[in-house]
Amino acid sequence: MDRFLDSFLNAKLIATTWPAILSGLVVTIEIAALVVVTGLLLGLALAMVRWRAGRWFAWPLMLFVDLFRAVPPLVLVLLIFFGLPNVGIELPSFAVLWLVLSLVLAAFAEEIVWAGLIAVKRGQHEAARSTGLTETQTLLYVVLPQALRLAVAPLTNRTIAITKNTALGTVIGVPEIINQATTAVSFSGNATPLLMGAFAYLLLFIPIIGLGRLIESRFAWRRQ
Amino acid sequence: MSEASELSAGGTGTMRPPHPLLDIRGLHKSFGTIEVLKGIDLAVSPGELVFLIGPSGSGKSTLLRCYNRLEEASGGSIWFDGQEVLADRIDINALRRRMGMVFQSFNLYPHMTALGNVTLALRKVLKKPRAEAERIGMAALEGVGLAHKAASYPGELSGGQQQRVAIARASALEPGLMLFDEPTSALDPELVGSVLQAMRDMRAAGMTMLVVSHEMRFAREAADRVVFMDGGVIVEQGPPEQIFGSPRHERTRAFVSEVAR
Amino acid sequence: MDVLLQQFFNLDIMAKALPLVLQGLKTTLLICLIVIPMGLIGGVLVALASRSTVRALRVSVTLLVDLMRALPPLVVLILVYSGLPFLGLRISPLTAVVIAFFLNNAAYYGEIIRAGIESVPAGQWEAARSTGLRADQAFTWVILPQGLRNVLPDLVSNTVEVVKLTSLASVVSLQEMLYSADMARSLTFNASPIVLAALIYFALLWPAVRLVSRLEHAAAR
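Chains as they are written, first to last, in the numbering used here: chain H, 1 to 224; chain P, 1 to 261; chain C, 1 to 221.
No wet-lab data here; the hints were simulated from the structure.
Computed far set for chain C versus chain H, every beta-carbon distance over 12 Å: (1) Ser52; (2) Thr53; (3) Ile143.
Listed next, the stretches of chain P that the computed footprint assigns to chain C, with coverage defined by at least 3 CB atoms under 8 Å from CB atoms of chain C: (4) 96-109; (5) 120-128; (6) 163-173.
Derived contacts from chain P toward chain C, CB cut-off under 10 Å, selection only: (7) Arg65; (8) Asn68; (9) Arg69; (10) Leu70; (11) Ile92; (12) Asn93; (13) Met112; (14) Asn117; (15) Leu179.
Positions of the beta carbon are idealized from the N, C-alpha and C atoms, including for glycine.
Can you build the whole structure from these sequences, using the hints too?
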């Protein structure tokens, strides 16, 4: 038991390592926040453009969406991180992670919002147009608000899952939580920083999951 | 489990003719603080068709569901074919398959064909080989006039057909007693007839039946006895002519004249 | 433009890397073959436990599910791979991957399967029990098949995620497809092998991704 405590909950190490873990937590929060904003906005924009544009937009969009849904994000991260410098574009690892996760989230978000739009379209669309609203007004005031309600639950789940992928940054050296933790493990030869890292993720994501449940239950009305 | 097949009507009655197949004494059932059944005594003889009528919320369905312990009674005793149903150590599954049950909402398994619905318990409870189970199942579907729908899924059948498959599912297990819980309430009026016909055929074959239903005309025509329940107690019972023709209790009279309108 | 093609779609390099990448693909498929069935079985157990009457069982399953929802899968993997040796347990990368993914997948499949089971009307259970089926028989033959069918889009979608997740195994030096492709990249100083791996992932998962979209759109209608 003493040995267990010594390797997993070493008080001295906790005292010396927490600033590093904390700085990792800050980096994780920064990337996560950026990814959520750009990913969701881009996904929403794509779905709305698809609504107004014809098939010429739908096909390339489907290819983009399917590609980013089917290829593992770590593959994309390595591809961009190691590929771009060879063609003369130097992106910091932080930016690579932001870019890749934003595109992945955008792809999923577009698909989810689009499914919502399709579900609302019938009936509601004709009713709105019959009152003289323009196509864009119909989308903005009638269809989109209802579609977003339908989309809120899957969107929340997906956003949480993709935000957790910030941990992939450790592979390309982004100094986020797990990167800080594994570095500290290799310096100390002790597992305590690992548990601290895990704890930091719990600290960050359990409130987010709780918030997700709250949003879900608030918007859950009228779903059959 | 094997003794059950001797249960068909008439088979047991020879030694003690008035010996009831089903005997309920002082049955109580509460949901939390609400008492739904307040001491029910009821005996059903082999081959008898007993009709349970009464306003909704009078406890008829609950009573039925206590018999095969889909609901657990709070007190009293239930004897079925000489066995204490509420005993702790009883093999409830063997007992349930000897009490067929037909539900208001059919409850057919939507992922199985009509024949699959009928044969599942034959294979899993009675351990019949597939071929034999299918033979028995086809015969049961034949009995309700639906052999040609054996390969259809419930979603492809009308409500009346679904309910007849449900009847076949229960009767294929050769139960000694059939419980019907508002079997026609969920059906469009034009589909009720075929289900009642299946029940008539079953009665003609000597099945003991306990029916909760609002089909008063069917009750008048087919029932041996009508039991009127209200407020968790049996108010009055007797032959259909008496209950419908000259009820003794004010509440029975009010109910009968209400539904007759 | 030429530089881009040279760096990302260099057919010569792809051809040279192909045997190595295909070797990795074998390992990727092997991992899938282990972790998907294990995850599904674990998921059924999690779903059952979360509806159990035993409180301790329910609580521990809720704890597992919430932990897995909060922790990134990569963190779980690193915890298992780097943490267990401190307990005196030496484990291979494959064992670490199997343990970590089992925890993660059982939790996610479990939540989906629980939702499926809860979507089956109570009348189905009663009808099955009324014909004398035991509880386990009613669950296996009547409730579970319907429950799984009701959440089929989510099951397929999660399985796509599980396959994608196997790429994380490269982080603990398990030589699956991404590891092999990245090795080829570092030998050739060219990103084409990773593009090759990406294309193989895409070919592998695209039908499933399309299927999910169609199932979900059909459900929305």
